[in-house]
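Chemist: Kindly generate the complete structure, drawing on both the sequences and the hints.
Listed below, chain by chain, are the residues.
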Amino acid sequence: MTSTVTILAGQATGGTLLRSARGLAMRGLRSIRRLPSAFFPALAMPIFQTIAFSGTFFAITKIPGFPTHRSVNWYLPLACCMGSGFGGIGLGFSTVRDIESGFFDRLRMAPAPRLALIIGPLFAVWTRVLIVITAALIVGFLFGARLTGGVVGLLLMYVAGLGVATVAAGWGLGLAYRFGDMRAAALMQLTLLTAIFLSNAQAPLNVMSGWLHAVARINPFTNILRLAREGWLGDVTWNATWGGLVSIVGISALTLAFAYRGLAKLAD
Amino acid sequence: MTTIAATPSLSPARSKGLWMSQTLAMSKRSVLAMVRQPALVIPSLIFPLFFAALGSSSFGRAVRLPNFPKVDNFLDFALAGTIVQGVLFGSVTGGAALATDIEQGFFDRLLTTPTSRVSILVGRLAGAAIFGAFQALFFMVVLLPFGVSIKAGVAGAIVIVLCGGLTAMAIGGFTAAMALKTGSSEAVQGSFPLLFIALFFSSAFFPRQTMQGAYRRIADINPVSHLVEGARGLVTDGFTAGHVAAALLVPAAIGVFSIALAVRTLYSRLAAR
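Going down the list, the sequences are from chains A and B.
Residue numbers for the first sequence follow numbering that gives the first Met the number 0, beginning at 0 and rising by one.
Residue numbers for the second sequence follow numbering that gives the first Met the number 0, beginning at 0 and rising by one.
Quick look at which bits of chain B chain A covers, simulated, 3 or more residues with Cβ under 8 Å:
no.	segment
1	58–70
2	211–221
Some chain B residues near chain A, calculated using beta-carbon distances under 8 Å:
no.	residue
3	L53
4	I196
5	F199
6	F200
7	F204
8	F205
Listed below are the simulated DSS-like cross-link pairs for lysine-lysine, each with C-alpha atoms no more than 30 Å apart in a straight line:
no.	chain 1	residue 1	chain 2	residue 2
9	B	K27	B	K180
10	B	K15	B	K180
11	B	K27	B	K15
12	B	K150	B	K69
13	A	K61	B	K150
14	B	K69	A	K61
If you are wondering where the hints come from, they were derived from the structure by calculation, not from laboratory data.
All figures in this text were calculated on a predicted structure; none of them were measured in a lab.
Even glycine gets a Cβ: it sits at the ideal position worked out from N, Cα and C.
Modeler: Spelled out as structure tokens, the structure:
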């Protein structure tokens, strides 16, 4: 009897969790239409970055050992991952707005599982990031990007983008819950930007020199960017894939746990 | 009415002196605001250095590429771009500060005093110029121990500091015009991507000689390229009239245009009151 009750309660909680998460996800997606000024920079940034970096740093592909002769093939995955990261951080911004306006208190008082407050908006972030990556891809193809790893390579770039978005969303939410105001915004952006740039973002490891090489070698974002790029630099191989997947799962787990604990502390 | 008639008229010399003292007071306020709120200006000092360090490690081998200007190391090449990048960040902060004055009503309170209207603007721009010059000096001093050598010597360094100040004033003119037009610090901050685009489609980060096609054509006509290359030439080539002229005259020319725009926007705002 006890186990039946537990199972039923579990099903009810699971159902409520999904329903609540779906409601919050829809709210996040509606904000694209209602507040396009907040979504537009996230959409425009990776497009601009693809175009500007590919043109400005065109010549670096001529450095001996550089893995492609198309600069856009190198910078498009970076732009997609950065755009995805800032899409994830955007969730932190909107949560800060909700906390400041008091709307978040009403959400917390609703009879819905706390986890839905993280999972729901995360679904919305993933959808927004899919739009951003697709838009950047179209522009990238127009500017000469060519896939070398086929459809699997393309899918891996989406996986990497969604992974970076998850990492950034967890980090942004955790900081938003802890600070509760816009002071968190600067910290979210600066830390993400620093973490990404201290990797193989601008140049491959074999082309780098000095201190950055030492840092980038142990930075998990190097693995994630390698995953994002492998379909643009050659064939897709398991060797270049697994490190990125492990990094995504590992850092996502850490940042989402950081967010969940922040939410729990906020409730206290 | 009687009061107006009784207001003593000032002699031109005294009026000019008053204008100067008002402008100096405004400049001092502008600089003190930056000193008292370091959180606003520190990013404009730290981030350009961070990107210079990144570029040095990432693109260090690029200096051996064909068509790359002859430099001892990538930092020599990057210094001028770092300065202009920092100055652009700082100028947006200066413009946003003027917009904040408008938002918070301080600008209106100034207008109720017998302060020269133009001195409000010029004071703000002078403050931006002082900070821009300081940024240029700061970047040179910080990067010198890391291998940067300025071929033009102390005279070249002075010209680069002046270039930083003039560039800050020139870009500050645009952000001040934006602040006066919109009265919104958010709108001024929103102008940052435009400046970022101007910076990226120039030779600030990589030489024009290595660019191709439309990028090269845009960089060729982008004044930021010529401004950066003037200061860069002083670092990598030495003290020549051409480099000095480019480092000083290009920002001065941009400044004439942007300050005229800002003054015009100021008078439009005053007329609309």
